[in-house]
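Protein chains in written order, with full-length UniProt numbering: chain W, 1 to 401; chain L, 1 to 401; chain C, 1 to 401; chain P, 1 to 401.
In case anyone wonders, no lab produced these hints; they're calculated from the structure.
Quick caveat, the model's predicted, so the values are computed rather than measured.
Think of the CB as a built atom: it goes at the ideal place given N, C-alpha and C, for glycine as much as any other residue.
Treat the hints with care, as some may be off.
Unchecked claim - Here's a subset of chain L near chain W, in silico, CB distances under 10 Å, partners left out:
| hint | residue |
| --- | --- |
| 1 | ARG9 |
| 2 | VAL14 |
| 3 | PRO17 |
| 4 | PHE65 |
| 5 | GLY210 |
| 6 | TYR375 |
As the list claims (entries may be wrong) - A short list of chain L residues far from chain C (calculated; beta carbon distances all over 10 Å):
| hint | residue |
| --- | --- |
| 7 | GLU49 |
| 8 | LYS53 |
| 9 | ASN122 |
| 10 | GLU124 |
| 11 | HIS165 |
| 12 | ARG186 |
| 13 | GLU268 |
| 14 | LEU271 |
| 15 | GLU290 |
Number of protein chains: 4
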Amino acid sequence: MDYVNGPGRNHLFVPGPVNIPEQVLRAMNRNNEDYRSPAVPALTKTLLEDVKKIFKTTSGTPFLFPTTGTGAWESALTNTLSPGDRTVSFLIGQFSLLWIDQQKRLNFDVDVIESDWGQGANLEVLASKIAEDKSHTIKAVCIVHNETATGVTNNLATVRKILDHYQHPALFLVDGVSSICALDFRMDEWGVDVALTGSQKALSLPTGLGIVCASPKALEASKTAKSVRVFFDWGDYLKFYKLGTYWPYTPSIQLLYGLRAALDLLFEEGLDKVIARHARLGKATRLAVEAWGLKNCTQKEEWFSDTVTAVVVPPHIESSEIVKRAWKRYNLSLGLGLNKVAGKVFRIGHLGSLNELQLLGCLAGVEMVLKDIGYPVKFGSGVAAASAFLQNSTPLIPSRI
Amino acid sequence: MDYVNGPGRNHLFVPGPVNIPEQVLRAMNRNNEDYRSPAVPALTKTLLEDVKKIFKTTSGTPFLFPTTGTGAWESALTNTLSPGDRTVSFLIGQFSLLWIDQQKRLNFDVDVIESDWGQGANLEVLASKIAEDKSHTIKAVCIVHNETATGVTNNLATVRKILDHYQHPALFLVDGVSSICALDFRMDEWGVDVALTGSQKALSLPTGLGIVCASPKALEASKTAKSVRVFFDWGDYLKFYKLGTYWPYTPSIQLLYGLRAALDLLFEEGLDKVIARHARLGKATRLAVEAWGLKNCTQKEEWFSDTVTAVVVPPHIESSEIVKRAWKRYNLSLGLGLNKVAGKVFRIGHLGSLNELQLLGCLAGVEMVLKDIGYPVKFGSGVAAASAFLQNSTPLIPSRI
Amino acid sequence: MDYVNGPGRNHLFVPGPVNIPEQVLRAMNRNNEDYRSPAVPALTKTLLEDVKKIFKTTSGTPFLFPTTGTGAWESALTNTLSPGDRTVSFLIGQFSLLWIDQQKRLNFDVDVIESDWGQGANLEVLASKIAEDKSHTIKAVCIVHNETATGVTNNLATVRKILDHYQHPALFLVDGVSSICALDFRMDEWGVDVALTGSQKALSLPTGLGIVCASPKALEASKTAKSVRVFFDWGDYLKFYKLGTYWPYTPSIQLLYGLRAALDLLFEEGLDKVIARHARLGKATRLAVEAWGLKNCTQKEEWFSDTVTAVVVPPHIESSEIVKRAWKRYNLSLGLGLNKVAGKVFRIGHLGSLNELQLLGCLAGVEMVLKDIGYPVKFGSGVAAASAFLQNSTPLIPSRI
Amino acid sequence: MDYVNGPGRNHLFVPGPVNIPEQVLRAMNRNNEDYRSPAVPALTKTLLEDVKKIFKTTSGTPFLFPTTGTGAWESALTNTLSPGDRTVSFLIGQFSLLWIDQQKRLNFDVDVIESDWGQGANLEVLASKIAEDKSHTIKAVCIVHNETATGVTNNLATVRKILDHYQHPALFLVDGVSSICALDFRMDEWGVDVALTGSQKALSLPTGLGIVCASPKALEASKTAKSVRVFFDWGDYLKFYKLGTYWPYTPSIQLLYGLRAALDLLFEEGLDKVIARHARLGKATRLAVEAWGLKNCTQKEEWFSDTVTAVVVPPHIESSEIVKRAWKRYNLSLGLGLNKVAGKVFRIGHLGSLNELQLLGCLAGVEMVLKDIGYPVKFGSGVAAASAFLQNSTPLIPSRI
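Next comes chain W alone, as it looks inside the complex:
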């Protein structure tokens, strides 16, 4: 029944789905329950309250859709916009491309700001578009906080500043799929109107929850948005929130308990410490890449992502061979290069429930794969660079002192 064997543990370093902590696996190891009993609403209530903390919002309204990130995108867009509405969207990699594709297919008028893959969103162009848009034809600015395909993190605070500077009322929609719970994200402070993530990313759960959070302004917009929606409609949820039964249709009992456990772990470690841990592991990974003499796909430090690093391979190497080899020989799962960067980069995901030694094992594995594939890496070089940094910066684990 298993399709992946091999001694020891799998080394899962794709940028999602990520490793699930044992505590979460345990919480989900359960039979179904009647979601109309008093117990499931009681649990749900705590989840809705606590999930706001990962968005850093007090005024937002969260929705736990039984879907994936793609569904969460669709929910964000269809609840706030009407067909024909103009959106501004940034094309900087495969996932922003897919979101733009979705926006087009949902019949929005997408104004695409394109950058090289490896660059961040071009906020100067955004500023000029916003400046020019005196009549407020732009209904929403859609941005991927962290482009998973290239390891690029965009500056959301600047987007807010631009909108505020021009007093532009456009909605601010953010894909936080590979950022929320791992990178600094401040929904209220940055005036984000809809933020969303997926359970299998930094929350370290199985796939199956598309978590969407709407600002009061977004909720207001949903009352008049004419995009067709039923499954993804916020209104149905709000109706059941009022009733105190919460669910317009059947939720996954297992994922609800899993989310409870995942949030408990996050708060126990401390959200800010979780973000600091991601910063530490991200930096260690980049130091290793540098020590190997390889280039980060991300072109400037300001965009470096602490959840995923896309590594550019030399021209004579096919990066998908690295990914294949890692999987077949060392039980190591790395991310492929996608679309424009297919064959040119491989990706190391370093998000979710992860610690220093797991990452160092991965880096040592990448070194062996690089050698396998003919790249003249010096064994231990990346690990040394990463270790030197980590040994200086890793705090004691509070629960163990």
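Guided by the hints, dock chains L, C and P onto chain W, whose structure is given.
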């Protein structure tokens, strides 16, 4: 962390979500995996092949959406129809009502054939509408195979006969949420164009998979259907089927392995034997209801459902009190009466991974609750009626002989 | 990989091993840990403190041996007695027989007081032996609190009274394997010197922990007891207790966490309420047996066991056929008649994590099996008798109010 | 409920208990079962047959005791020897010391051959003792195959040669706790009379099974051996083997299914390949230790252990500080130095379900801890030495090609 305690096992007799077999819980007790490795496609391939068997189709194309039954409805409709298209739909209970509501919100022109709650779909009216529709304005006939709110099973073979008799090309869309894997269902033989179910029903999995199966005619229709769709689009899946990677976005690894285990159990028992078991348990439940002197909400035997029985309570009793009491005192989860039959019926779900003694325990529990609530039930009467039938009709468990 | 299949849940009504609550299964679903880290001693400390509560002792010292009840017996005897020591032991069924056999093989001089199987320990004979033993040649009185083979509960308070009356210093050793956590047991009040149980009984864990509790007098005796012992030696444990590392050899991490969860559940329900629940379920079972016109193997009410009922079948029926049939046809596990009562009785275990509806399902199953096997049972009769009693006596589940 | 938290996975590198593969965790995630049903014997039969393969015996008789290695020792000794019998035993580290202590407490006349801790068993002294023992007063030679405290593997083939050379009939008893399933072990070829291991070692299960295998000669000896034993008696098992019910007392259902899964994994990988993998990981570890400029506690290459490496720290460093620090800061569990080598060595366990990248992560962790503690390690040096070797020697994972 648990919101439902009490000694011993929960007795889950809502008509979904249902009890998950231990084998399935075990199969899902696993870490995430990279769904882009060669392993997940290999697994997926077996699932897509085998899932066709539960629909009894060889020509159909299945889709495993990370969603619920509501999402599966939306997928069935939006992939085959265009806004303004006329559908014929039967209103016979809460779930057919909700599907009709969805059809309206998706901008179809829904021609509703209403019956009393407790009756089956009025196929005579359908026949006359089909007969009249010489110009083929009806694009689809939408029917819930088994109305979970009232315990009514509709006759799908007759629907097909009507369409064939008038050589009407309308698509035949079937909600099999509480029927497939439990009641006799024959996609190919009955010319069903789209059939769908949810994982938490007779498949006995957690919620999270909306399983949709499309006939070649439905696939053809999807090429021109103009309803807006992205997450639920079949085309995206078909593209990835061709590539052999299968998934346009991240699936739940746990549910894939769970589905593998659930299918293995189904085939091991034998789909026809599973259906026979449901017939046995359904009949036993109805005999108990009769012995208690209570009425089945379903008005005629031809509509009796073998997956759920809605029991009408005497006028002076509030059925929701029965459900509350069962849960609070005996750890027994029953289904509430919904909408029009709220307060008037309670429901016993008898579908999925279930056996004789579990059902008899439930029936004994219902007897105690009835007494609790003031109904003059004779203790043991329902159990006796059910037992006499079951003791005569239950075969030996093949794997134990 | 499974050797027992069949739809739905297994109905496990042997008097151990018993059903494991989901919370306990979850707690045990974990990887190994280093038992020499600071974490395992911290956990162990809470276990040793809390496990005393199930013995109702404050002065006792508990030991968690990685063994079974048979090993716990051996630990109780070899730590307190020397070869040739005279013990008084009661032969009333298969398990007391096995313990006596062990005592003989460990070279004690066993003075056996035999009763009919179905009777309790003959305490009058004990009294006369104690009265006569002026020179205190009797070193220990060994008694099985609850004889699992016949469903007989002995009166431990009377044993203590006899010893006290004659101011006899004999050690009082009690097998509480099928009583502790289910029947009223008071180590300190009754002056029990060694009490023991196994994890797979009323604690509702897997097999693997032999839990032994020693009074100060027993500990004192262990200093001079000359029986050979190493694995089962208390001294090795006491040495590690002092060091604060607790384990002379490797414990099962999973069972430690499982025990933690099992104790938490027990205390949450309340030990006295757990005992009351067993009394309720025991009585209900006996009422059913009576309604079937069958005899309880236990000859007097004072000995009726609330954890297991041995049911005598009519002479022309072979009781093992009932057990076989129950397993093969209804997925119901009952206990066989053992040794002297083989073929003559079958046993219904009603201990551990169990509730009313599970038991009623079992009773309904037994009715069908009886009919299968040719006994003219009236369907529903036992269930009715049990239900009438339970419906009157079952309290609301506190955590659900 | 958890006593060990911290983000990411624990890095468990003590020489037992070791990491449990997910497949085994899954197999054990189950409710109890009636061990007297036909299913458990059917499962047990396959286990007894297959477990012989890990001992490389066809003539041996295995026993699966619900106990630990310490209990397995006791079973080996008490079933084959009588009080006063002379044994020859080698004192080379903490575990051989404990076994010798047990032998003494069980009243055997132990003839101890002592070596420096870090040396193997002195087989020359054995040879001279055997040579001198014309009257065959030596009843058993007891040897620890792999001394876990010092990382020393003894040469069992030579022991057999010595016994054969002098045609000495002494029983040959082997503690294979940290060798069997990991190091080359050949019960039949080497004429081992009793071999034993524990489930939490190379079998990668939880603690709880003491697996003992007896040669025909050992079985014969058990008929006359006068050591007192009940729980550990082979005779009771043999009686139940004959009956086909296999268990004299209650086994752990979960461990039986776990053992089934563990054996399936072992045979799937191939026992010889498992042993080769241990050789590879052992060598890699030793290369790292050398690169760090540290000494292996094992004094000669012929004794190097492929399951555990004891690393000697410089005199000014307290090795237990390394172990503490590793656990508190990096979630890394290493083995302490025990007894004579306490404070002087720390141990890296590299046995059981383990792969290259896990080991490299551990080695990187040790480097950071060494630096933490003030040892001037060069970052990456050990990893580089190990990686260079592993990259050359690691085969592709067969199930992934």
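Could you tell me which of the numbered hints above are not met by this structure, giving the numbers in increasing order?
-> Result: hints 6, 13 break, sorted rising.
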